[in-house]
Amino acid sequence: MRTRLFLTFALILTSFSQAHAKEGKWIDLFNGKNLDGWVQKGGKANYTVEDGVIVGTSAPNTENSFLCTEKDYSDFVLELDFKVDPKLNSGIQIRSESKADYKNYRVHGYQVEIDPSTRAWSAGIYDEARRGWLNNLENNEPARKAFKQNDWNHYRIVAIGDSIKTWINGVPAADLQDDMTPSGFIALQVHGVGDRTDPLQVRWKNIRLQDLGEDAWVSLFDGKSLDGWKVNEHPESIKVEDGAIVAGGGPRAHLFYVGPVENHDFKNFEFRCQVMSKPHSNSGIFFHTEWTDTGRLNKGYEAQINATHEDPKKTGSLWIIRDVFQTPVGDNEWFTYYIQVYGKRIILKVNDEVTVDYTEPENPERPEGREGRVLDSGTFALQAHDPGSIVYFKDIEVKVLPD
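With my numbering applied, the sequence shown covers 56 to 458.
The hints are simulated quantities; they were obtained by calculation from the structure and are not laboratory data. Possibly wrong hints are sitting among the right ones.
Pairs of lysine-lysine, DSSO-like flavour, derived with a Cα cap of 27 Å [what the hints assert, rightly or not]:
(1) Lys285 with Lys354
(2) Lys158 with Lys126
(3) Lys80 with Lys454
(4) Lys126 with Lys454
(5) Lys126 with Lys260
(6) Lys354 with Lys399
Pairwise CB distance ranges (calculated) [unchecked claim]:
(7) Lys158 with Trp188: 15 to 25 Å
(8) Asp136 with Arg351: 49 to 59 Å
(9) Arg351 with Gly314: 21 to 31 Å
Computed from a prediction, not measured in an experiment: that's the story for all the values here. Backbone N, C-alpha and C fix where the C-beta goes; we use that ideal spot for every residue, glycine too.
Build the full structure now, drawing on both the sequences and the hints.
This is the structure we're talking about:
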């Protein structure tokens, strides 16, 4: 009976862990009671809390006002609800800054617009006090029509690397790639109204965030054993030694991640690990793949590790599109390998240098033997290529990204 209870409890914990990894942890940026954790910058608009709602009220003859988080955020999912007076412009600042050496502490950075005017560019992206419009909604009629006048609206904002995407009331709005500011505070704007004296208001509630920063990384390898991993054939080709997975020294084999994180089925993610290659070695990191008990994988993409196996070097290239990049990685040296898949975009980095930035088109052409492979979802696999190839992997981590 005790064993049965233990197994049941373990299954519950595993299910909770998987669901938690999938959903991510939400943080309330506003406690519904007061403005703890926020600080006002810029103009003199009035910010108060009424019935669990932040209320921003305009003031005459003052510049744009901003209620800013005390903490900075880099990669995140932000959701909130807002309701705005039809005569007042507003916005949500993200990755924003206020510095002495920039226009005397002028708040600047990405703004997700709140635009109740007939232009209706709410959820477009404006660069406050810097470059102006970066991604308006001029050609996005569904998003323009999604805004609800004199009613509550919902925003979803996803910032990952140089990608910023927005949704208004569930409708895709802006989709921007820009890397000017990777991190900064979040702020609620009350736009200046000139000498207008009648108070105009904007309200915000249910402000919550998933922080996709360093705390979101999850380890896939404990440095001691192959728990959570499985070799498809020739287990003698894979071992653990001195805190690293050693792939090679025997017939070709693949080591698949089969552990509990995401139920080993990853769609959008960031992956990173440390890699070291012996001379004349070849290997690869497969993603969006699936278990097979044969030596050749029938699904997935390969980020290549090929320090000196051929000329030119192929470390940091993506086999599926046959891109080849010269990458300064030597033998017997640890280097960082980074893979990101988000939507249809794949980014590879070696030692923080971008080697691949590829957006998959519809019906992509594939090399012979790779026909029909498209971005989907799946697990990771490490390759032991041949008896003469020895490649080491350690510090293997993944960060699950939202859809």
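For the pair we were handed, Lys158 and Lys126, check the Cα-Cα distance against 27 Å. holds, 21 Å
Can you tell me whether the CB distance of Asp136 to Arg351 sits inside 49 to 59 Å? holds, 51 Å
Could you see if the CB distance from Lys158 to Trp188 stays within 15 to 25 Å? Holds: the Cβ-Cβ distance is about 19 Å, inside 15 to 25 Å.
Given the proposed pairing of Lys80 with Lys454, does the C-alpha separation stay at or below 27 Å? holds, 13 Å
Given pair status - Lys399, Lys354, alpha carbons within 27 Å: Within the cut-off at roughly 16 Å; holds.
Quick one, are Lys126 and Lys454 close enough, alpha carbons at most 27 Å? holds, 21 Å
Against the range 21 to 31 Å, how does the distance between the Cβ atoms of Arg351 and Gly314 compare: consistent or not? holds, 23 Å
Holds or violated: Lys285 and Lys354, Cα atoms, limit 27 Å. The given pair, whose Cα atoms are some 17 Å apart, holds under the 27 Å limit.
Can you confirm whether the C-alpha distance between Lys126 and Lys260 stays at or below 27 Å? Satisfied, since the Cα-Cα distance of roughly 19 Å is no more than 27 Å.
Of the numbered hints listed earlier, not one is contradicted by the structure.
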